[in-house]
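Asks: Generate coordinates for the entire structure from the input sequences, incorporating the hints supplied.
Residue 47 in our numbering sits at position 47 of the sequence shown; the count goes up by one each step and never skips.
No wet-lab data here; the hints were simulated from the structure.
Backbone N, C-alpha and C define an ideal beta-carbon position, used for all residues, glycine too.
Just so you know, not all the hints are guaranteed correct.
[Stated by the list, open to error] Derived SDA-like pairs: lysine to any residue, alpha-carbon spacing no greater than 20 Å straight-line:
hint: 1; residue 1: K227; residue 2: G53
hint: 2; residue 1: K82; residue 2: R36
hint: 3; residue 1: K82; residue 2: D111
hint: 4; residue 1: K47; residue 2: A11
hint: 5; residue 1: K47; residue 2: H93
hint: 6; residue 1: K227; residue 2: A11
hint: 7; residue 1: K37; residue 2: L89
hint: 8; residue 1: K227; residue 2: L52
hint: 9; residue 1: K82; residue 2: R31
[As the list claims (entries may be wrong)] Pairwise CB distance ranges, derived in the manner of DEER restraints:
hint: 10; residue 1: A83; residue 2: A171; range: 32 to 40 Å
hint: 11; residue 1: E121; residue 2: G53; range: 23 to 31 Å
hint: 12; residue 1: A155; residue 2: V74; range: 32 to 40 Å
hint: 13; residue 1: R192; residue 2: H160; range: 35 to 43 Å
hint: 14; residue 1: V154; residue 2: S230; range: 40 to 48 Å
hint: 15; residue 1: R234; residue 2: A125; range: 36 to 44 Å
hint: 16; residue 1: A125; residue 2: R69; range: 34 to 42 Å
hint: 17; residue 1: W67; residue 2: T127; range: 30 to 38 Å
hint: 18; residue 1: V166; residue 2: N195; range: 17 to 25 Å
hint: 19; residue 1: A171; residue 2: V74; range: 29 to 37 Å
hint: 20; residue 1: R86; residue 2: V154; range: 36 to 44 Å
hint: 21; residue 1: A83; residue 2: H160; range: 44 to 52 Å
hint: 22; residue 1: V166; residue 2: R105; range: 20 to 28 Å
hint: 23; residue 1: E153; residue 2: E120; range: 18 to 26 Å
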Amino acid sequence: MQEFVSTNVPAHVAIIMDGNGRWANARGLPRTMGHRKGVEAVRGAVKTAAELGIRYLTLFAFSSENWSRPEDEVSDLMGLLKAFIRRDLADLHRENVRIRVIGDRANLSGDILPLLIEAEETTTANTGITLVIAFNYGARDELARAMRRLAEEVAAGRLHPDDITVDRIAASLDTAGIPDPDLILRTSGEERLSNFLLWQGAYSELLFVPELWPDFTRDTFIAAIEKYASRERRFGGLPQPTLAVGS
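Replies: Now the structure itself:
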């Protein structure tokens, strides 16, 4: 087992969990088995992130474009999400994990929305790592919803157009109150953001690893954080060393 030696830990890591289907196909298994294996990787990632001192872990669980997948696959993904919350919520709460959910909540059917709200409300006072679940999320959709809310404020005379600043927009996004990700990581070797945290990731470090998500282990996570720690962050200016949490 790899030991973590760096003192430079990102405060916020966001992960595009890619490759469940390919993991299953490579083994001659149904895609649903890849998704089930992927849930195990989620549990491990949350545990590892907490151990490393990462304060926020955002996981791209289900995009607003994923509804176009085959109906049986979408149904299985919904079932896995519900099972994860019902089975793991008590453990996450006991481990002081706080849960936040980002994404469009309008028109979510069945018992999905109540479960998401229950997860947030149950853990709202927790002070450990914040697990941000991006569900029915798309960055362009998030920005469009935020712009509509600001436009409504202007139309009602409660907001002047000159008051629409970068900070005002950030406060109108689903991630209000959550720091921008220091590192956005994608598994499976694909090198694109796929409509994920486009505003928030403006100055994030990007890292693409070859492992499929079900194969994402503690050692994989640690190796990614070590690579992040070796980089110099510029934010459009002079080089800045990555900073340890709490520094």
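Asks: Each of the hints needs a verdict: does it hold here or not?
Replies: Quick rundown of the hints versus the structure:
1. K227 to G53: Answer holds: K227 to G53 is near 16 Å, not above 20 Å.
2. K82 to R36: holds, 12 Å
3. K82 to D111: holds, 8 Å
4. K47 to A11: Holds, at about 15 Å.
5. K47 to H93: The hint holds at about 13 Å.
6. K227 to A11: Between K227 and A11 the Cα gap is close to 15 Å, so the pair holds against 20 Å.
7. K37 to L89: Roughly 18 Å between the alpha carbons, so the hint for K37 and L89 holds.
8. K227 to L52: holds, 14 Å
9. K82 to R31: Given pair K82, R31 holds - Cα atoms ~18 Å apart, limit 20 Å.
10. A83 to A171: 32 to 40 Å: holds, 34 Å
11. E121 to G53: 23 to 31 Å: holds, 26 Å
12. A155 to V74: 32 to 40 Å: At 36 Å between Cβs, range holds.
13. R192 to H160: 35 to 43 Å: For R192 and H160 the Cβ distance comes to about 37 Å; the hint holds.
14. V154 to S230: 40 to 48 Å: holds, 45 Å
15. R234 to A125: 36 to 44 Å: Between R234 and A125, where Cβ atoms are some 37 Å apart, the hint holds.
16. A125 to R69: 34 to 42 Å: 36 Å Cβ-Cβ, so the 34 to 42 Å window holds.
17. W67 to T127: 30 to 38 Å: About 35 Å separates the Cβ atoms of W67 and T127, which means 30 to 38 Å holds.
18. V166 to N195: 17 to 25 Å: holds, 20 Å
19. A171 to V74: 29 to 37 Å: holds, 32 Å
20. R86 to V154: 36 to 44 Å: holds, 42 Å
21. A83 to H160: 44 to 52 Å: 48 Å Cβ-Cβ, so the 44 to 52 Å window holds.
22. V166 to R105: 20 to 28 Å: holds, 25 Å
23. E153 to E120: 18 to 26 Å: Holds: the Cβ-Cβ distance is about 25 Å, inside 18 to 26 Å.
Of the hints listed earlier, there is not a single one the structure fails to meet.
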